[in-house]
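Student: Sequences are here, hints too, so could you generate the full structure?
Each protein sequence line maps, in turn, to chains A and B. For the first sequence, position 109 matches number 109 in full-length UniProt numbering, and the numbering has no gaps at all. For the second sequence, position 79 matches number 79 in full-length UniProt numbering, and the numbering has no gaps at all.
It is worth saying that the hints were derived from the structure and are not from the lab.
When the alpha-carbon atoms are kept at most 20 Å apart in a straight line, the in silico SDA-like pairs for lysine to any residue are as follows:
#, chain 1, residue 1, chain 2, residue 2
1, A, Lys276, B, Gly99
2, A, Lys255, B, Leu34
3, B, Lys109, B, Gly205
4, A, Lys255, B, Val166
5, A, Lys255, B, Pro43
Pulled a few chain B residues facing chain A out of the computed Cβ check, cut under 8 Å:
#, residue
6, Lys6
7, Phe37
8, Asp101
9, Ile144
10, Val147
11, Phe149
12, Val159
13, Val166
14, Ile167
15, Ala190
16, Arg193
Virtual Cβ for every residue (Gly too), placed ideally from N, Cα, C.
Single-letter residue listing:
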Amino acid sequence: MALQSLDIKQRSATTTPAPSVRKTVEVAKLIDVSTCIGCKACQAACMEWNDIRDEVGRNYGVYDNPMDLTDKSWTVMRYAEVEEKGRLEWLIRKDGCMHCLEPGCLKACPAPGAIVQYANGIVDFHEEHCIGCGYCITGCPFNIPRISKEDGKAYKCSLCSDRVAVGQAPACAKACPTGAIQFGTKEDMQDYAAKRIGDLKERGFDKAGLYDPAGVGGTHVMYVLHHADRPQLYSGLPADPGISPLVSLWKGFAKPLASLALGAVALGSLFHYVMKGPNEVSKETEKEVEKEGSQ
Amino acid sequence: MIRDPKDLQRYTPQERANHWVVGISFILLALSGLAFFHPAFYPLSQLFGGGTWARILHPYIGVFMAFFFVLMFLRFRKLNVMTKTDKEWLSRIGEMVDGDDHNMPEQGKYNGGQKAMFWASVVCMLLLLVSGALIWRAQFSPPIGLVRFAAVVHAVAAVAMIALIVIHAYAAIWVKGTIRAMWYGTVTRAWARQHHRAWYREMTGK
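Tutor: Here it is as structure tokens:
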């Protein structure tokens, strides 16, 4: 989906600047967990707009269906039953790509241009450049990308980059019947979240807050949580996500240095030959061997 | 082909074939692996028909090489046991690199440097095989922490292995009369006497 080509902020496995003359405002999707009723209209809208039908799977006796994200289900509702202060709380979280400001997938990807981040913050996979190595999964702090068993390419939520590019809200936000999914500039979404959090606090959720984790530079999909102090309650939303230090080590400054070191070994060998000369069998040894042979 | 009946047999045809199967696999693995290592090397994936083909082929070539490397390990492991003389040789490797090897301790079929290379390769190959399996997404999906760790191990071991092989190949180019041992299996008596005196005596009784 290469509709936006002049506002690319970051491009995977690319060491020179990407086309970035067009500046756009940062956008965000705000998911207000406290007003979500778990109807799955967002799941239906996602498959409809993107025109991808997952296989009809099994029902496991719970509301979660499908049970996990797949290459064809880019968003899923996760239902957690939690007991808080003697009351049952049904915490329903719409899971999918968080569109990190510092995307671990993009950092890990070895294929030039297979993952891009637009100036508006959306992190998009360009499957035609994807080689199917799965490094994006290794890099992602949220366990989002999925490799298709059919074509070997990685897929995930695009935040409807094609819709956003023409001024439309993502399909899930458009379909949500309660307004639990809002879409706009990141700033507007933060303001809107502040109002919602104020309301929740008045109603006794004194730990209500915005999930916009700093460990990944903030995200372009944010949650309003009643229990922002314990995001793990929401089907394992990580409390402090960040790109793993191992991924940073693997994809960081060590690689250019190692590449230079390999070049140095090769060139060092060449210059050793040039400066020291070949190690040849000496004439004396040849003579000694002849002498020994004639004995 | 017998070039000179006095030449000494250093490698059997089976040993040579085994070496080249591993060597060719290694070159293919290094080229395809570097393509994923850093964007600067990504164009190397074109040699394999593009990034996707390089990604598909790399692990299979890896398994193939691992199998033949095990065979090679079994063939040569006894000849590569480190001795006291080898350690002395290694401690004076500076003289060797400087080009003056006449006073180096007498060496058997392999010198200390070759043995160190052998064992370093064994360690790297083992790390590459295990970590490579862990990051082979098309086949396995181990816990994510393990995959991340394996990705680092694979990259580090690969760099070490490539550096080792560059040195290995250069040493063969530098020491004249060596490469023919891997082409047709023999070396001259003078070569053996100069570089592997103890082996020379063992082979000739002189």
